[in-house]
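K.L.:
The residues making up each chain are set out below.
There are 4 protein chains.
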Amino acid sequence: MTVGVMGSAGGKLTADVRRRVRRLGVGIAKRGYVLITGACPGLPHEAVKGAKGAGGIVVGVSPALNFEEHVKKYHSPTRGYDAIIYTGSGLMGREIENIRSCDVVIFAGGRSGTLGEFAIAYDEAKVIGVLKSTGGITEHLGTIIDMVNKETGAFVCYDDDPERLLNQLEEIYRDRIFPRHVRIMKAGSGPDGRLQS
Amino acid sequence: MTVGVMGSAGGKLTADVRRRVRRLGVGIAKRGYVLITGACPGLPHEAVKGAKGAGGIVVGVSPALNFEEHVKKYHSPTRGYDAIIYTGSGLMGREIENIRSCDVVIFAGGRSGTLGEFAIAYDEAKVIGVLKSTGGITEHLGTIIDMVNKETGAFVCYDDDPERLLNQLEEIYRDRIFPRHVRIMKAGSGPDGRLQS
Amino acid sequence: MTVGVMGSAGGKLTADVRRRVRRLGVGIAKRGYVLITGACPGLPHEAVKGAKGAGGIVVGVSPALNFEEHVKKYHSPTRGYDAIIYTGSGLMGREIENIRSCDVVIFAGGRSGTLGEFAIAYDEAKVIGVLKSTGGITEHLGTIIDMVNKETGAFVCYDDDPERLLNQLEEIYRDRIFPRHVRIMKAGSGPDGRLQS
Amino acid sequence: MTVGVMGSAGGKLTADVRRRVRRLGVGIAKRGYVLITGACPGLPHEAVKGAKGAGGIVVGVSPALNFEEHVKKYHSPTRGYDAIIYTGSGLMGREIENIRSCDVVIFAGGRSGTLGEFAIAYDEAKVIGVLKSTGGITEHLGTIIDMVNKETGAFVCYDDDPERLLNQLEEIYRDRIFPRHVRIMKAGSGPDGRLQS
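Taken in order, these protein sequences are the chains called A, B, C and D.
If you read the first sequence in numbering that gives the first Met the number 0, its first letter stands for residue 0, the second for the next number, and so on.
If you read the second sequence in numbering that gives the first Met the number 0, its first letter stands for residue 0, the second for the next number, and so on.
If you read the third sequence in numbering that gives the first Met the number 0, its first letter stands for residue 0, the second for the next number, and so on.
If you read the fourth sequence in numbering that gives the first Met the number 0, its first letter stands for residue 0, the second for the next number, and so on.
Since the hints were made in silico from the structure, they are not lab data.
The model shown is predicted, which means the values in this text are computed figures rather than measured ones.
Just so you know, not all the hints are guaranteed correct.
Same chains, same names: a pair is fine if it fits in one copy or spans any two.
Heads up, simulated DSBU-like pairs for lysine-lysine below, C-alpha to C-alpha not over 35 Å straight-line [unchecked claim]:
no., residue 1, residue 2
1, Lys-149, Lys-72
2, Lys-131, Lys-185
3, Lys-72, Lys-131
4, Lys-71, Lys-11
5, Lys-71, Lys-131
6, Lys-29, Lys-51
7, Lys-185, Lys-72
8, Lys-29, Lys-185
9, Lys-185, Lys-11
10, Lys-149, Lys-51
11, Lys-131, Lys-29
12, Lys-72, Lys-48
13, Lys-149, Lys-131
14, Lys-11, Lys-51
15, Lys-71, Lys-185
16, Lys-185, Lys-48
Please model the complete structure; the sequences and the hints are all you need to start from.
P.N.:
So, in structure tokens, the structure goes:
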């Protein structure tokens with residue numbers, strides 16, 4: 000399972016929220032999942048520290064065109080990532096790819112960027128976990144879902160504890176995503192694909 | 000000036016809303032502006048019909064990889080566009096490029112997709128026009144801006160009349176965007192660019 | 000029909016080559032086609048000047064994320080374009096989208112960038128026109144096609160005269176591309192698409 | 000160091016070439032590097048098998064929008080990847096991102112797709128390793144570089160033995176890429192980046 004962590008890349012981050020997001024990263028690694036983030040500073044990078052400290056695999060999806068832009072233009076972190084994918088698509092553009100590439104996506108804190116990411120994930124029918132009591136737009140997601148008033152097939156679960164949130168997501172993955180992937184695989188060409196003509 | 004029109008690509012569209020969005024398209028064309036949409040059905044396509052009927056130039060930014068996907072996979076319109084750019088980035092991915100390529104962006108109606116587009120436009124500090132009384136998420140944008148609680152540099156204006164909305168956007172373009180472009184041009188290599196080495 | 004013009008964005012450009020590429024732009028406009036380029040300087044911009052001078056419609060597909068990058072980072076032209084699509088995908092990345100969005104693609108001059116574009120167009124089975132005697136990699140395309148040794152479905156025609164090259168492309172468009180589009184349209188939802196659910 | 004492996008995704012693949020590319024994957028993993036491929040079948044997937052069998056980390060950059068397209072539309076492999084990034088950019092589009100995200104890129108065999116990838120890597124001044132005697136377009140790269148006749152800053156080395164090729168690339172990485180990254184890091188905000196405002 001690949002798990003995305005999205006949320007505040009700036010603004011005020013309390014010690015409690017940082018600590019819980021770091022524990023989220025630890026949990027992702029310990030369960031053998033791969034963490035994917037936008038390779039940005041802030042809360043997602045706390046998850047990276049947690050995951051990497053626990054020996055996990057971490058992939059970053061950068062807004063930059065290359066290492067130089069990543070560091071100089073976006074002031075983004077480089078420590079803790081096994082690979083950084085340089086999309087060149089900018090802050091919001093890369094989030095599309097980020098969200099698409101995760102089996103489940105977790106939100107914590109955040110403002111307008113995170114709202115855009117949530118809207119994308121919701122519209123693309125993703126399995127979404129909300130880490131409650133992390134402030135910002137995340138506190139309003141229930142209200143916003145009501146305003147949107149559209150059944151997209153997205154599935155949203157909430158918890159303020161990282162481990163319990165991962166438990167919930169794990170269960171949904173087993174019940175909904177994994178069986179779907181197995182069905183698709185059966186209709187496909189096997190786990191090693193098929194040579195192009 | 001390039002003007003984007005975003006909003007409902009489905010759901011119920013009342014005759015009044017359709018009519019006003021079509022008049023928006025007519026206004027964009029008559030003022031000599033270029034209309035850019037996501038080349039989707041629904042309200043944006045009403046704007047296309049209006050603009051093209053008035054002799055305007057229209058560019059679509061498609062989610063599809065090519066003409067065939069555009070028609071068969073996305074059931075998207077082909078009539079009225081001078082050029083369709085095939086991004087292959089999917090429904091939300093192409094919106095990023097769409098929003099970036101417009102000087103001003105107008106919203107009408109819409110649900111989760113439109114919310115994502117609005118969040119992107121707001122986060123990327125665009126000049127945004129909201130066509131009021133068009134239903135859907137557009138009615139809640141004021142509340143959502145309050146929730147986001149972040150000054151991004153975006154500028155949002157509202158009107159339920161297409162012509163008055165275009166008047167407002169025109170004024171902002173003249174006061175904010177055009178002078179900025181002139182400053183950038185002066186620091187650049189002239190309107191014909193500079194040969195690569 | 001949308002016609003792409005690709006080729007040298009730098010290096011030495013002789014007066015004869017510039018003149019023929021500009022005539023190419025004039026021909027594209029006079030025949031009522033839309034010109035699409037990478038919004039770069041050099042030969043493609045000569046085509047833009049020709050097309051715009053003859054009253055044509057011109058769309059640029061920029062490597063930049065926005066107007067500022069377009070002008071300051073890429074030193075790219077801004078005059079003559081009805082719309083510039085900001086892909087943010089960098090010099091080569093935007094070419095993919097550029098090539099995909101053209102019905103036919105014309106090559107003139109060029110070096111490694113143009114070679115990449117040609118390989119993409121060839122691999123994606125496009126209809127390709129080569130403006131002969133324009134120097135650079137274009138002179139070697141026949142040899143390179145032999146080396147590649149793969150039938151991709153691409154169709155390549157050659158002429159050193161812009162009008163005769165357009166005549167050839169026009170004919171191929173009528174015989175191959177247009178009938179294919181009609182077949183796709185018949186299997187689709189009509190020229191105005193279908194509302195999303 | 001992230002190492003890309005590009006090359007034939009189809010056509011005839013001899014047992015010798017398959018074996019050497021698999022050894023390449025083993026070598027990449029044993030040296031502690033991360034393998035990045037286009038998540039395609041053929042030679043790149045041989046490298047994946049080698050790397051994963053030796054306990055390495057593997058990231059795939061898919062042409063597809065999601066798992067379903069990856070399996071059904073592109074018949075691409077899913078086994079052996081720690082994460083698959085779904086670009087939605089199609090066969091050539093995703094290669095841009097793939098190439099950008101690798102410190103060094105290795106080519107083996109291949110036809111028009113591989114030629115496009117090579118042209119992109121060459122134009123973007125990458126460090127390139129060519130696994131000799133693997134057939135296809137790879138045999139002609141020296142001639143093509145002469146035709147291109149442009150100093151882009153790319154560095155190309157050749158060997159028919161995977162280990163010796165990796166030795167060469169390792170040395171170039173140490174001498175050219177790593178010191179450059181250190182310089183960039185010193186001008187940046189540190190390995191953990193800087194919070195956005």
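K.L.:
Run every hint past the structure and note whether it holds.
P.N.:
Outcome of the hint check:
no., hint, result
1, Lys-149 x Lys-72, "between (37 Å within a copy, 21 Å between copies)"
2, Lys-131 x Lys-185, "neither (38 Å within a copy, 37 Å between copies)"
3, Lys-72 x Lys-131, "within (31 Å within a copy, 37 Å between copies)"
4, Lys-71 x Lys-11, "both (22 Å within a copy, 33 Å between copies)"
5, Lys-71 x Lys-131, "within (33 Å within a copy, 37 Å between copies)"
6, Lys-29 x Lys-51, "both (10 Å within a copy, 20 Å between copies)"
7, Lys-185 x Lys-72, "between (44 Å within a copy, 14 Å between copies)"
8, Lys-29 x Lys-185, "both (30 Å within a copy, 33 Å between copies)"
9, Lys-185 x Lys-11, "between (48 Å within a copy, 26 Å between copies)"
10, Lys-149 x Lys-51, "between (38 Å within a copy, 31 Å between copies)"
11, Lys-131 x Lys-29, "within (22 Å within a copy, 42 Å between copies)"
12, Lys-72 x Lys-48, "both (22 Å within a copy, 34 Å between copies)"
13, Lys-149 x Lys-131, "both (23 Å within a copy, 20 Å between copies)"
14, Lys-11 x Lys-51, "within (24 Å within a copy, 41 Å between copies)"
15, Lys-71 x Lys-185, "between (46 Å within a copy, 10 Å between copies)"
16, Lys-185 x Lys-48, "between (37 Å within a copy, 21 Å between copies)"
In terms of the numbered hints stated before, the structure departs from hint 2 and from no other.
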